[in-house]
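Could you build the full structure based on these sequences and the hints that come with them?
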Amino acid sequence: MTKKLVIPRIAHPILWLVLSLVITLGIGAWGLLYPDARSSQITINIFVNENGNRVLDLLAQGVEKFFSPAYAIGLTVVIALIVWIFSKSLWTAVGFGLAVAAAWLPVEIFKLLFHENRPDPTQLINIVVPFQADTSFPSGHVSFAIGLAYALLLLVGKGKPKNFLIAVGIVFVVVVAYARVYAGVHFVSDTVGSVFASVIGILIFNQLWPVITRFLTKQKGRRSK
-19 MTKKLVIPRI AHPILWLVLS LVITLGIGAW GLLYPDARSS QITINIFVNE NGNRVLDLLA
41 QGVEKFFSPA YAIGLTVVIA LIVWIFSKSL WTAVGFGLAV AAAWLPVEIF KLLFHENRPD
101 PTQLINIVVP FQADTSFPSG HVSFAIGLAY ALLLLVGKGK PKNFLIAVGI VFVVVVAYAR
161 VYAGVHFVSD TVGSVFASVI GILIFNQLWP VITRFLTKQK GRRSK
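So the sequence shown is numbered by my numbering: it starts at -19 and just counts up by one.
Think of the hints as simulated: they come from the structure by calculation, not from any bench. Misleading hints may appear alongside valid ones.
[What the hints assert, rightly or not] Derived pair list, reagent style PhoX-like, types lysine-lysine, alpha-carbon separation capped at 25 Å:
| # | residue 1 | residue 2 |
| --- | --- | --- |
| 1 | Lys142 | Lys(-16) |
| 2 | Lys142 | Lys198 |
| 3 | Lys198 | Lys(-16) |
| 4 | Lys68 | Lys(-16) |
| 5 | Lys140 | Lys(-16) |
| 6 | Lys140 | Lys45 |
[To be verified] Label-pair ranges, simulated between beta-carbon atoms:
| # | residue 1 | residue 2 | range |
| --- | --- | --- | --- |
| 7 | Val(-14) | Glu88 | 24 to 32 Å |
| 8 | Asp16 | Ser69 | 47 to 55 Å |
| 9 | Pro190 | Asp114 | 41 to 49 Å |
| 10 | Ile184 | Ala17 | 43 to 51 Å |
| 11 | Lys142 | Glu88 | 23 to 31 Å |
| 12 | Arg194 | Ser19 | 47 to 55 Å |
| 13 | Phe152 | Ile26 | 21 to 29 Å |
Everything numeric in this text was worked out from a predicted model, so none of it was measured. Even for Gly, the Cβ is constructed at its ideal location relative to N, Cα and C.
Shown next, in the form of structure tokens:
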């Protein structure tokens, strides 16, 4: 673990930010303009739901419970405290928490913007989690998985550990997305939209955090004089 967050350098961040925004808005608008086409994705939910097993049931239930907002916030706080203890830097711990939040907040904004319905649970044979009446697009659970993987990545320096964590993070996000589709609480487009929505927040954080840390360093230097 590094003593400060290692912000990756991303070429053309504005371009990626605009592209992610356009794709997220495009998926959301598609769902509103073509609700029947969006709802037709239920065939994917039905297929994976029918071909499940007890292990997948437990996975979906675990993701539903432990990646819900209350548990997600609690887990983030606990990990941030651990980061503080080992890094001996309060701001590294704060940065970790903000990195997780940065990936999650855009998703909540898009949820308020689009208000798209969840898949119809009556079409599922295997009901593994309770029905949810809130908005479906994008997936908050997937965004938390992305934010957590991203924040952990910032704590690792360059080299093989970072590459390994990237691979594990991708698998982790895919598994969470699959669990949400399997449970029938999200369409595939919800999980895909969540990826691009989270990228928006991550790109913004990547640009702002170095500015914040430089400001804090200058303030600390002035106080020490």
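Against the structure, the hints come out as follows:
For the proposed pair Lys142 and Lys(-16), the alpha carbon gap of about 15 Å is at most 25 Å, so the pair holds. At most 25 Å may separate the alpha-carbon atoms for a hinted pair to count; Lys142 and Lys198 exceed this at roughly 30 Å. The hinted pair formed by Lys198 and Lys(-16) meets the criterion: a straight-line CA distance of about 16 Å does not exceed 25 Å. Distance restraint check for Lys68 and Lys(-16): the Cα-Cα separation of roughly 10 Å lies within the 25 Å cut-off, and the hinted pair is therefore satisfied.
Proposed proximity of Lys140 and Lys(-16) is supported: the alpha carbons are some 19 Å apart, at most 25 Å. Distance check on the hinted pair: Lys140 and Lys45 sit about 32 Å apart at the alpha-carbon level, beyond 25 Å; violated. About 27 Å separates the C-beta atoms of Val(-14) and Glu88, a value consistent with the hinted range of 24 to 32 Å. For Asp16 and Ser69, the Cβ-Cβ distance of about 52 Å falls inside the hinted range of 47 to 55 Å, so the restraint holds.
Evaluation of the 41 to 49 Å hint for Pro190 and Asp114 yields a failure: the beta carbon distance comes to about 35 Å. A C-beta distance of roughly 31 Å is found between Ile184 and Ala17, which places it outside the suggested range of 43 to 51 Å. Between Lys142 and Glu88 the beta carbons are some 29 Å apart, a value that agrees with the proposed interval 23 to 31 Å. Distance hint check: the CB atoms of Arg194 and Ser19 are about 49 Å apart, consistent with the given range 47 to 55 Å.
Between Phe152 and Ile26 the CB atoms are about 25 Å apart, so this pair conforms to the stated range of 21 to 29 Å.
Violated hints for the displayed structure, listed by number in ascending order: 2, 6, 9 and 10.
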